[in-house]
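Visitor: Residues per chain, in single letters:
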Amino acid sequence: MAAMPLFRAIQDSALGSTISTSTWMFPTIETLHVVALSIVLGSIVVVDLRLVGLASKERSITALTHDFLPWTWGAFALAAVTGTLLFTSRAADYMAITPFITKFVFMALAGANMIYFHFATQRSIKDWDTGEPAAAGKFAGAVSLILWAAIVICGRQVGFKL
Amino acid sequence: MNSFLESIRQTPLSVLLQDVKWLIPTIQSIHIAALALVFTSAAIVDLRLLGAAQRDQPLARLSHRFLPWVGWGVLILLVTGLLLMVAEPTRAILNPYFQIKMLLLVIVGGMTWAIARAAEHDSGLFAGIDGGPAAKPVAIASIVMWLAIIGFGRWIAYGP
Chain A
1 MAAMPLFRAI QDSALGSTIS TSTWMFPTIE TLHVVALSIV LGSIVVVDLR LVGLASKERS
61 ITALTHDFLP WTWGAFALAA VTGTLLFTSR AADYMAITPF ITKFVFMALA GANMIYFHFA
121 TQRSIKDWDT GEPAAAGKFA GAVSLILWAA IVICGRQVGF KL
Chain B
1001 MNSFLESIRQ TPLSVLLQDV KWLIPTIQSI HIAALALVFT SAAIVDLRLL GAAQRDQPLA
1061 RLSHRFLPWV GWGVLILLVT GLLLMVAEPT RAILNPYFQI KMLLLVIVGG MTWAIARAAE
1121 HDSGLFAGID GGPAAKPVAI ASIVMWLAII GFGRWIAYGP
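Order-wise, the sequence lines are chains A and B.
Numbered per my numbering, the first sequence spans residues 1 to 162.
Numbered per my numbering, the second sequence spans residues 1001 to 1160.
A few of these clues could be false.
[Stated by the list, open to error] Below, a list of computed lysine-lysine pairs in the BS3-like style, where the Cα atoms sit at most 30 Å apart:
hint, chain 1, residue 1, chain 2, residue 2
1, A, Lys138, A, Lys126
2, B, Lys1136, A, Lys161
3, A, Lys57, B, Lys1021
4, A, Lys57, A, Lys138
These are calculated hints, taken from the structure and not from any lab test.
Note that this is a predicted model, so its numbers are computed, not measured.
Please work from the sequences and hints to get the whole structure.
Guide: Shown next, in the form of structure tokens:
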């Protein structure tokens, strides 16, 4: 791809080479990345299972999202920071493999799904907040679960290929 | 020990796991998803014990709702972990990081079970709305141990 020289430059940068040549930096940052993704995944699954009507049914959707989404965002920020650091250490190598690209495609779709959920349900949610979710809620919840499972698989594939 | 591990490597199951290329990554992905489930569920109850989140929810309710996921999740982790060990017998058993991880798992597993029982009956160590004096140290120890388990788990790959 045309931007490969840029990614090679990132990989060869001081930050990139420090991380990649260190014996402990990559594994440590990677461990924090796994912790962060565990929290992202866990908190999203709690909300999604509520949206598809499978769990936490006695709590309203807005109460649940109020309790859990801050953790999702906080952990996502940690995952993004650690992910960026991991990326710099082997930027060109990562950009050359399919699972890395598809992981971000799925993450973009998951983001789009969250935006869809917010706008599709903004006005009606007060009608079904405490009961069975409307179709849009169930759809968004199911799509989210599937996308995040795919993201985990792609993420593991990246670790496997490099 | 080494000949025992070598004999595992030659079993039909181990050979299958090694030969079918997508099996090990898939089992590892399930392992990761299950650990996300376990850590989040345990952390939800631990944070409640600390009084740091969902204070409006009774401890017993959160324990009842989320700790079973820890149980089932650990079961999935043990099954997938065992399959990974069968696939690559020498990788884990002799690795000190793996051994520490398993020791921590036994300890925190026991703690989590004790939390579940005490929260259910609102008695003993966790009596009272805030979970009593033992709540905070136990909750912190639990979170630290689960994090250490994740860390040691990742370091198996880099281990001596």
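Visitor: Provide an ascending list of the numbers of those earlier hints which the structure does not satisfy.
Guide: Violated hints (numbers, rising): 2, 3; every other hint is consistent with the structure.
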